[in-house]
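A.B. asks: Chains as they are written, first to last, in the numbering used here: chain A, 1 to 386; chain B, 1 to 386.
It is possible that part of the hints are untrue.
Any copy will do: because identical chains look the same in the list, a pair fits if it lies in one copy or spans two.
To be verified - List time: in silico DSBU-like cross-link candidates among lysine-lysine, alpha-carbon distance up to 30 Å:
#1 Lys-92 to Lys-177
#2 Lys-58 to Lys-158
#3 Lys-158 to Lys-364
#4 Lys-57 to Lys-177
What the hints contain is simulated information worked out from the structure, not anything from laboratory work.
Protein chains: 2
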Amino acid sequence: MSRANSVLQESLRELYLDSFPECLKLADLGCSSGPNTLLLLREIIDSIDATCKQLNKKEPMFQMFLNDLFHNDFNTVFRLIPRFYQELRREKGGDFGPCFIAAMPGNFYGRLFPDHSLHFIHSSYSVHWRSQVPANLVSEFESSLNKGHIYLARASPKSVHEAYLDLFMRDMTLFLKSRSEELVPGGRMMFTMIGRDMSVNLPEDQVANLWELLGMTISDMVQEVLLFTISACLLANAYLCACLLNALCELFRIRLYLIAVAQMSLSVKQLPGLIEEEKLDDFNLPFYMPTPEEVRHVIQEEGSFHVTRFETFKVNWDAEMGDGNLRVRGKYVAANIRAVSESILATHFGEEVMDGLFERFASKVSQYMELHEGEHFNILVSVKNR
Amino acid sequence: MSRANSVLQESLRELYLDSFPECLKLADLGCSSGPNTLLLLREIIDSIDATCKQLNKKEPMFQMFLNDLFHNDFNTVFRLIPRFYQELRREKGGDFGPCFIAAMPGNFYGRLFPDHSLHFIHSSYSVHWRSQVPANLVSEFESSLNKGHIYLARASPKSVHEAYLDLFMRDMTLFLKSRSEELVPGGRMMFTMIGRDMSVNLPEDQVANLWELLGMTISDMVQEVLLFTISACLLANAYLCACLLNALCELFRIRLYLIAVAQMSLSVKQLPGLIEEEKLDDFNLPFYMPTPEEVRHVIQEEGSFHVTRFETFKVNWDAEMGDGNLRVRGKYVAANIRAVSESILATHFGEEVMDGLFERFASKVSQYMELHEGEHFNILVSVKNR
Numbered sequence: 001m002s003r004a005n006s007v008l009q010e011s012l013r014e015l016y017l018d019s020f021p022e023c024l025k026l027a028d029l030g031c032s033s034g035p036n037t038l039l040l041l042r043e044i045i046d047s048i049d050a051t052c053k054q055l056n057k058k059e060p061m062f063q064m065f066l067n068d069l070f071h072n073d074f075n076t077v078f079r080l081i082p083r084f085y086q087e088l089r090r091e092k093g094g095d096f097g098p099c100f101i102a103a104m105p106g107n108f109y110g111r112l113f114p115d116h117s118l119h120f121i122h123s124s125y126s127v128h129w130r131s132q133v134p135a136n137l138v139s140e141f142e143s144s145l146n147k148g149h150i151y152l153a154r155a156s157p158k159s160v161h162e163a164y165l166d167l168f169m170r171d172m173t174l175f176l177k178s179r180s181e182e183l184v185p186g187g188r189m190m191f192t193m194i195g196r197d198m199s200v201n202l203p204e205d206q207v208a209n210l211w212e213l214l215g216m217t218i219s220d221m222v223q224e225v226l227l228f229t230i231s232a233c234l235l236a237n238a239y240l241c242a243c244l245l246n247a248l249c250e251l252f253r254i255r256l257y258l259i260a261v262a263q264m265s266l267s268v269k270q271l272p273g274l275i276e277e278e279k280l281d282d283f284n285l286p287f288y289m290p291t292p293e294e295v296r297h298v299i300q301e302e303g304s305f306h307v308t309r310f311e312t313f314k315v316n317w318d319a320e321m322g323d324g325n326l327r328v329r330g331k332y333v334a335a336n337i338r339a340v341s342e343s344i345l346a347t348h349f350g351e352e353v354m355d356g357l358f359e360r361f362a363s364k365v366s367q368y369m370e371l372h373e374g375e376h377f378n379i380l381v382s383v384k385n386r
Numbered sequence: 001m002s003r004a005n006s007v008l009q010e011s012l013r014e015l016y017l018d019s020f021p022e023c024l025k026l027a028d029l030g031c032s033s034g035p036n037t038l039l040l041l042r043e044i045i046d047s048i049d050a051t052c053k054q055l056n057k058k059e060p061m062f063q064m065f066l067n068d069l070f071h072n073d074f075n076t077v078f079r080l081i082p083r084f085y086q087e088l089r090r091e092k093g094g095d096f097g098p099c100f101i102a103a104m105p106g107n108f109y110g111r112l113f114p115d116h117s118l119h120f121i122h123s124s125y126s127v128h129w130r131s132q133v134p135a136n137l138v139s140e141f142e143s144s145l146n147k148g149h150i151y152l153a154r155a156s157p158k159s160v161h162e163a164y165l166d167l168f169m170r171d172m173t174l175f176l177k178s179r180s181e182e183l184v185p186g187g188r189m190m191f192t193m194i195g196r197d198m199s200v201n202l203p204e205d206q207v208a209n210l211w212e213l214l215g216m217t218i219s220d221m222v223q224e225v226l227l228f229t230i231s232a233c234l235l236a237n238a239y240l241c242a243c244l245l246n247a248l249c250e251l252f253r254i255r256l257y258l259i260a261v262a263q264m265s266l267s268v269k270q271l272p273g274l275i276e277e278e279k280l281d282d283f284n285l286p287f288y289m290p291t292p293e294e295v296r297h298v299i300q301e302e303g304s305f306h307v308t309r310f311e312t313f314k315v316n317w318d319a320e321m322g323d324g325n326l327r328v329r330g331k332y333v334a335a336n337i338r339a340v341s342e343s344i345l346a347t348h349f350g351e352e353v354m355d356g357l358f359e360r361f362a363s364k365v366s367q368y369m370e371l372h373e374g375e376h377f378n379i380l381v382s383v384k385n386r
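Build out the structure end to end from the sequences listed, making use of the hints.
C.D. replies: Here is the structure:
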């Protein structure tokens, strides 16, 4: 990740030397909410501060807009700001800045700021999220085209892949156009996202990404439901046979049997921690991991930006974890994925299955990491507004 | 309040005709958090929309900054925004705006925005709150100078009044200077606040404001504690006398007596719903109701603004309530005061006395309104940046 930092430093320095703005106006798109939310701003301030000291120039003011969706917890971020300001004043002295931290809630697939009102836009691991689920993932017979998966998997049909790619191209075109209108001419943007590496041929026994493993975990839970249903049916059948054999099939017994079957099918729906098959088939993640070529292509097609840096790098699923046994590492990876996907999964599958799902997912990740190295493929892009 | 609205319309119209900005940048200082928070923005948009239609001009974009302190509940406001945007689009059509609603948390007695970055600043019933409690409300012997009151009362000594006025002048000077730096030249500001009317001589049996009544309610609760303490002491004394008279004052009995006294003084501290005297003496509201002359004076002294409108008007304590019996009207007034002061009172007096305090306050308000008319004296100021 230090590579991302050096690209950040470089684009800020170039931006600042281009125009020496009195107030540097910045935005962080997809800022989330937590103790790390303000870290980026601190890095930006330190970087500009160093440049100013070198050139013996007065530091600019800073206006930072934190952006995320309307339901993001901005209150928590706001409560961290007084201490942030305090530390800045203590370390940089009273003359520094000032620095103004604002929030701009909303969807970044569309306009968020007035024309030419920003110098620098940053987005870290957010633009791989799509604006919605691709609309055309259902066949003409109303059955799911991506049956058994939650995202593109090796077995997903070509039409599903095309639907995801098409949505990516439309989303990113709107994203780039909006950002270009919001940035001053010559303004910079830098974004990092998870992509997919097509340069290596994936062996049959490996997954392309963590979503595939998560999809497999959900599928396992569906199988558990099916197994339960089958054994319940067998049991009920055995009971009916016994009834027939005993030639005791009076109306009363049959009614009892019907009640038993109804109760069992009801209990499948309420089975704690398990998932019904249709729920899995109906679900697709609003996420897309593009190839580097697809990213380059959409930037070129949209045409507002000139690419200044384009890098790809790999990061282990359990990076920052250091050493640790496989079980702990599996839990760590599962917790990270839970943090970014729980709200969307819980809305569809229900809050009550989340604990079971992510426990099973942690074991699946551990088992996988025993045999293979799990890596995210990252794409980092720095662009300049024409 | 319709008068405030007509002043708002007028200053917006003049502002717009002065400069025809492409994007109208606005701030609402002390926006609070609730269903009314976005009402002002809607009024502003409708007003500018009407002016544009008259002149056959394209509507500008709008960028609105909602400001309040760091602990304000902005999350709740943000969740109301999608519907606000939706209604705007439906009513005004897709071409309108766009309108961008951001939040800028922080203390308005100091800078909040970059230089010359706003066209219009609005603040409704917020600038009567002070940045802090006046620092010098304690005598050289460490005793409270405003004993028995929570704010300036008729009986408060002159030095307390001077301390409040001095803080008001310093706060407002900083407020005006900050806003003047943030507004474009010719930018407008409008604020409404509660003031005090010195043009009428208040009869002896009337209070100057609701805080005086609230202070009296707290004082009542202190008296209840004193009464309890006195009767407890009398009881204990009677017990001791009985002991002496019986010539049975062995060590054992005296020990029992001491335990009884200790328990009673303990129970006074824990008396549910009552308040200790020192707590009342230590407390002063960070609030000041200036006279119109004091407001004019500070604007003139600070010098950045030219006053375009200066109005005063009275509003009944229970305005908007319509008719209703006295008990209901008292409850309504108490609920309003509770909404704006509970957090500050609960921090000092404790969460557990709030219900008791505001119940007693509601009855006190009802009793008062049976005899007198309770009115807020309002000051409305509209100014133009030089």
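A.B. asks: Given a CA cutoff of 30 Å, do Lys-57 and Lys-177 count as a within-copy pair, a between-copy pair, both, or neither?
C.D. replies: between (34 Å within a copy, 26 Å between copies)
A.B. asks: Given identical chains, is Lys-158 near Lys-364, meaning Cα to Cα at most 30 Å, within a copy, between copies, both, or neither?
C.D. replies: This pair counts as within: shortest intra-copy Cα distance 27 Å, inter-copy 75 Å.
A.B. asks: When no copy is named, should Lys-58 and Lys-158 be tagged within, between, both, or neither for a Cα gap of at most 30 Å?
C.D. replies: For Lys-58 and Lys-158, neither the intra-copy (56 Å) nor the inter-copy (46 Å) Cα distance is at most 30 Å.
A.B. asks: Up to 30 Å between alpha-carbons, please classify Lys-92 paired with Lys-177: within, between, both or neither.
C.D. replies: Only across copies: Lys-92 and Lys-177 sit 24 Å apart there, 37 Å inside one copy, limit 30 Å.
The structure shown violates just one earlier hint, number 2.
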